[in-house]
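Novice: Each residue of the sequence shown is one higher than the one before, counting from 1 in the working numbering.
Note that these hints are calculated values from the structure, not bench results. Treat each hint with caution, since some may be false.
Stated by the list, open to error - Per label pair, the in silico range of CB-to-CB distance: (1) R72 <-> T13: 31 to 39 Å; (2) A70 <-> P40: 36 to 44 Å; (3) Y24 <-> A71: 44 to 52 Å; (4) T25 <-> S47: 45 to 53 Å; (5) G34 <-> A71: 53 to 61 Å; (6) P73 <-> A14: 25 to 33 Å; (7) G34 <-> G5: 54 to 62 Å; (8) L32 <-> A71: 44 to 52 Å; (9) L7 <-> L39: 47 to 55 Å.
Ideal Cβ positions, reconstructed from N, Cα and C, are used throughout, including at glycine.
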Amino acid sequence: MFGLGALALTAGTAAAALCVNTLYTGPLARVLGGVDLALPVGIAVASAVYATLMRRSRDGLGMAQRAWAAARPSRSRGSDRGSAATTGAA
């Protein structure tokens with residue numbers, strides 16, 4: 001899991017470097033006339049890459065949530081714990 005997050009962060013940082021306009025001006029910032037879009041582009045790219053990697057991962061959050069739900073005891077409204085039907089008492 002840690003590797004997927006680091007990969008998404010690296011992709012977001014690389015995309016942000018193309019759009020930065022501070023001491024260094026990235027190629028996209030230069031084309032856009034000096035507009036610094038590093039923060040929104042970096043966040044969007046990192047988020048999209050992370051979501052895609054987690055969706056495709058076999059150990060992703062979806063499977064963890066399903067495993068947690070399966071291990072959790074069910075809370076049904078008409079629980080018959082301790083009733084005559086489950087204890088065999090007549």
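Novice: Please go over all the hints and tell whether each is borne out by the structure.
Specialist: Here is how each hint holds up against the structure:
no., hint, result
1, R72 <-> T13: 31 to 39 Å, "holds, 38 Å"
2, A70 <-> P40: 36 to 44 Å, "holds, 39 Å"
3, Y24 <-> A71: 44 to 52 Å, "holds, 50 Å"
4, T25 <-> S47: 45 to 53 Å, "violated, 25 Å"
5, G34 <-> A71: 53 to 61 Å, "holds, 54 Å"
6, P73 <-> A14: 25 to 33 Å, "violated, 46 Å"
7, G34 <-> G5: 54 to 62 Å, "violated, 32 Å"
8, L32 <-> A71: 44 to 52 Å, "holds, 51 Å"
9, L7 <-> L39: 47 to 55 Å, "violated, 20 Å"
In this structure, the earlier hints numbered 4, 6, 7, 9 are contradicted, and the remaining ones agree with it.
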